[in-house]
Amino acid sequence: MTWLSIIIAGILTYFTRMTMIALVSRDMLGDRIKAVLAYVPSAVFPAIIFPAIFINDYGTFIEMNDPKIFGAIVAIVVGYFSKNVIATILSGLISYWIILFF
Amino acid sequence: MLSKKKLFTKGMLDVAPHMLSVIPFGIICGAIGIELGFNPYLVYGMSIIIFGGASQIVFLQLISGGASSLIAATSVGVINSRHLLYGAVLSEYLEKLSFIKKLLISYLVVDQGFAESNKFFKKNKTEQYLHYHLIGTGSTLWVCWQISTLAGIILGSFVPEELGLKFAIPLTFIAIIVQDLKKIDHVIVMLVCGISSLLFFDAPFKSYIIISPIVALFFAALLLRFKK
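In order, the protein sequences belong to chains A and B. FYI, the numbering used here numbers position 73 of the first sequence as 73, with every residue one higher than the one before it. FYI, the numbering used here numbers position 115 of the second sequence as 115, with every residue one higher than the one before it.
It is worth saying that the hints were derived from the structure and are not from the lab. Some clues are possibly wrong.
If we take Cβ atoms under 7 Å as the criterion, some of the chain A residues that face chain B in the derived model are [as the list claims (entries may be wrong)]:
#1 Val-36
#2 Gly-79
#3 Val-85
Computed cross-link-like contacts, DSSO-like style, restricted to lysine-lysine with a CA-CA straight-line distance of at most 27 Å [as the list claims (entries may be wrong)]:
#4 A:Lys-34 x B:Lys-96
#5 A:Lys-34 x B:Lys-123
#6 B:Lys-123 x B:Lys-102
#7 B:Lys-183 x A:Lys-83
#8 A:Lys-34 x B:Lys-227
#9 A:Lys-83 x B:Lys-125
Glycine included, C-beta positions come from ideal geometry on N, C-alpha and C.
The following block holds chain A by itself, in its conformation from the complex (with noise of 0.2 Å):
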């Protein structure tokens, strides 16, 4: 039965890839609905960054004092500076581990 359902949700998942790849030709998209695609990234990352950051593993909001706030500024900048994404980790996970520990 868990195998059946991880069947259809591969299947799902699947569709979700290839929709619109595979089955939306470019002329179907305007170029209003292009130019708001170019968004995307934008439009897609904070919603699993935001969670990720402020909300807890028990589904509460985090305290303000709490380590991942600082790591997650910590990264913004060096990350902004230094255009480098292995900095921008390491950055935020070392000042986070620092606020942690000590």
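Got chain A; can you put chain B on it based on the hints?
Coordinates of chain B only, in the frame set by chain A:
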């Protein structure tokens, strides 16, 4: 014109830094499945059949919490529905491919691969074999995801939970969008999405993950109208 091989390698290199968060997350994902008491084959099977990090964890947690398989499968579909937006963006660059190639390449579209390939596509629209970049990012993520979830299944959570490595996930996505903070319209769209994701966090089936991008894109459409 860059060769297919060069584009593929460029894709691999562009997405490689994100392995810093993908690999620990894969290990955690595999280990959680075993901790929750699932059959190891089943936990690993998900990495091939679903191939979608967060949705795999949600699936396992829902089933072990007693939710019906229908609810678990629906949640996976809802969480992964954001790929519809990635596909809409990528379709412009992949339209010349044959239908079969489109079907095959679709399997490899995931968050970080989409983000890095999309950045590359925007700057190199005229390249003939653009899709090899996407194959490069996608297959790198696929291989690392398979190995790391397997490692988590076999070795258990050898990454101590106290390290809080789950925090690398938001950091990876911060690294992806941080340069767009230069543009005020993008900042507004990000804030709208982020704040709605917190407001809608308790919406059923984790649907906040698709509701907030839709709200944010609606705002983006309004912004474009004012810009004119």
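Evaluation of the provided hints:
no.	hint	verdict
1	Val-36	5 Å, holds
2	Gly-79	4 Å, holds
3	Val-85	4 Å, holds
4	A:Lys-34 x B:Lys-96	17 Å, holds
5	A:Lys-34 x B:Lys-123	16 Å, holds
6	B:Lys-123 x B:Lys-102	22 Å, holds
7	B:Lys-183 x A:Lys-83	15 Å, holds
8	A:Lys-34 x B:Lys-227	16 Å, holds
9	A:Lys-83 x B:Lys-125	22 Å, holds
The structure fails none of the hints (numbered hints given earlier).
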